[in-house]
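Top to bottom, those sequences are chains L and Z.
1 is the number of the first residue of the first sequence in full-length UniProt numbering; add one for each residue after it.
1 is the number of the first residue of the second sequence in full-length UniProt numbering; add one for each residue after it.
Among the hints, erroneous ones may be present.
Repeated chains share a single entry, so a pair holds when one copy, or any two copies, can fit it.
Listed next, the in silico BS3-like pairs over lysine-lysine satisfying Cα-Cα at most 25 Å (straight line) [claimed, not checked]:
id, residue 1, residue 2
1, Lys-135, Lys-149
2, Lys-154, Lys-135
3, Lys-137, Lys-101
4, Lys-101, Lys-135
5, Lys-156, Lys-137
6, Lys-67, Lys-154
7, Lys-6, Lys-33
8, Lys-67, Lys-137
9, Lys-33, Lys-11
10, Lys-67, Lys-159
11, Lys-135, Lys-159
12, Lys-159, Lys-149
13, Lys-137, Lys-159
14, Lys-67, Lys-101
15, Lys-156, Lys-67
What the hints contain is simulated information worked out from the structure, not anything from laboratory work.
As the structure is a computational prediction, the values presented were derived from the model and not from experiment.
Here is how the chains run, residue by residue.
Protein chains: 2
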Amino acid sequence: MTRYSKEERRKRLGEALSENPFFTDEELSEQFKVSVSTIRLDRGELGIPELRERTRAVAQEAYSTLKALDDQELIGELLELVIGERACSRLVIDESMVLAKARVARGHYLFAQANSLAISLVDAPIALTGSVGLKFKRPVQLGEVVIAKGTVLKRKQNKYWVQISVSVGAEEVLRGDWILFAMEDVTAIREREMEE
Amino acid sequence: MTRYSKEERRKRLGEALSENPFFTDEELSEQFKVSVSTIRLDRGELGIPELRERTRAVAQEAYSTLKALDDQELIGELLELVIGERACSRLVIDESMVLAKARVARGHYLFAQANSLAISLVDAPIALTGSVGLKFKRPVQLGEVVIAKGTVLKRKQNKYWVQISVSVGAEEVLRGDWILFAMEDVTAIREREMEE
Numbered sequence: 001m002t003r004y005s006k007e008e009r010r011k012r013l014g015e016a017l018s019e020n021p022f023f024t025d026e027e028l029s030e031q032f033k034v035s036v037s038t039i040r041l042d043r044g045e046l047g048i049p050e051l052r053e054r055t056r057a058v059a060q061e062a063y064s065t066l067k068a069l070d071d072q073e074l075i076g077e078l079l080e081l082v083i084g085e086r087a088c089s090r091l092v093i094d095e096s097m098v099l100a101k102a103r104v105a106r107g108h109y110l111f112a113q114a115n116s117l118a119i120s121l122v123d124a125p126i127a128l129t130g131s132v133g134l135k136f137k138r139p140v141q142l143g144e145v146v147i148a149k150g151t152v153l154k155r156k157q158n159k160y161w162v163q164i165s166v167s168v169g170a171e172e173v174l175r176g177d178w179i180l181f182a183m184e185d186v187t188a189i190r191e192r193e194m195e196e
Numbered sequence: 001m002t003r004y005s006k007e008e009r010r011k012r013l014g015e016a017l018s019e020n021p022f023f024t025d026e027e028l029s030e031q032f033k034v035s036v037s038t039i040r041l042d043r044g045e046l047g048i049p050e051l052r053e054r055t056r057a058v059a060q061e062a063y064s065t066l067k068a069l070d071d072q073e074l075i076g077e078l079l080e081l082v083i084g085e086r087a088c089s090r091l092v093i094d095e096s097m098v099l100a101k102a103r104v105a106r107g108h109y110l111f112a113q114a115n116s117l118a119i120s121l122v123d124a125p126i127a128l129t130g131s132v133g134l135k136f137k138r139p140v141q142l143g144e145v146v147i148a149k150g151t152v153l154k155r156k157q158n159k160y161w162v163q164i165s166v167s168v169g170a171e172e173v174l175r176g177d178w179i180l181f182a183m184e185d186v187t188a189i190r191e192r193e194m195e196e
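In isolation and in its complexed conformation, chain L is listed as follows (with noise of 0.2 Å):
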């Protein structure tokens, strides 16, 4: 990649940051071929807070559009949701979440962040999940930051496609195609079958 000049570099820069809030400013600074605190001064004159604010003002966004959940039933931390499209959260797995002997992430705290993030995608006050596969491709290690995606692929009247895929850094763990239901309200969901 070409060094840009300076007022070129903060064009891009500013255009980078606003399609992913989430680059930190060391992938940047790869990314542009500059030092990590010309980055920042870049972002201070464009008026860019740093990757924790950001995060903070996304996450605000993402949760007050949280639908089929409470804020707090989402397992992670929610970065981004756009209702019917796609959807990204965040969990770090601390010792909680570790098995005593194998010391990796047990897997219902993967399953949870990302099933919670594919019903967080369903556009209706409740939804169910009906199936699942998925694919643990390798084991995950205290303290890794895992980043759950999840992607609608296909809606057809109440019934969702959904695939999510966790990494951790730019290693998939886990992918998972969900499909789900939408519903309207409480009693709808007494007596009915879930059918594929």
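Once you've looked at the hints, dock chain Z against the given chain L.
Relative to the frame of chain L, chain Z by itself:
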């Protein structure tokens, strides 16, 4: 079914309970076409304690068999465990496990019960989930008693195929197929990719 003489019935009752200690007196009463109090009398004569006592005795034995999990890592109450063969656990859905709006059990609690039961079936100090295919058949309500039954379908070297069927009463609410990997020690999983 024919009604048996008292002696014959007691003999068969003893056999039925040694095969499945979780029959309730009501179920036995239906099965043997006698009243519940007759069943209680029969049990008294045979020296077979009530269901709760039987469950406790079986559970103690089951917990002492756990290998890939610590006691508190098994989600639900372990009722039976023959490592490498079959296992059974029980989970009562309480307020903390239901979705605020839908009032049904959150998917990841049922997953956690099933997944930890699948792990308990692996004959190794460490077991990891590779892939899972799940089908949620109907929502589970607050207060319902959920029984998960696991069976090892096949085993090839360190790879296990396990089927888990989760029911409320006679109704299946979740069914899933697991592929798991047995590991002898922690170092083996640090670099390892799980392959199907």
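Going down the list of hints, with the structure as the test:
1. Lys-135 with Lys-149: Both, since 15 Å and 22 Å are each at most 25 Å.
2. Lys-154 with Lys-135: both (20 Å within a copy, 19 Å between copies)
3. Lys-137 with Lys-101: within (19 Å within a copy, 33 Å between copies)
4. Lys-101 with Lys-135: Intra 22 Å, inter 29 Å, cutoff 25 Å: intra-copy only.
5. Lys-156 with Lys-137: For Lys-156 and Lys-137, only the inter-copy Cα distance (19 Å) is at most 25 Å; the intra-copy one is 30 Å.
6. Lys-67 with Lys-154: Only inside one copy: Lys-67 and Lys-154 sit 19 Å apart there, 42 Å across copies, limit 25 Å.
7. Lys-6 with Lys-33: within (12 Å within a copy, 89 Å between copies)
8. Lys-67 with Lys-137: Classified as between: cross-chain Cα gap 23 Å, same-chain 30 Å, threshold 25 Å.
9. Lys-33 with Lys-11: within (15 Å within a copy, 83 Å between copies)
10. Lys-67 with Lys-159: within (16 Å within a copy, 40 Å between copies)
11. Lys-135 with Lys-159: both (22 Å within a copy, 15 Å between copies)
12. Lys-159 with Lys-149: within (19 Å within a copy, 29 Å between copies)
13. Lys-137 with Lys-159: Result: close only across copies, 15 Å inter versus 27 Å intra.
14. Lys-67 with Lys-101: between (38 Å within a copy, 10 Å between copies)
15. Lys-156 with Lys-67: within (19 Å within a copy, 45 Å between copies)
Checked against the numbered hints given earlier, this structure breaks none of them.
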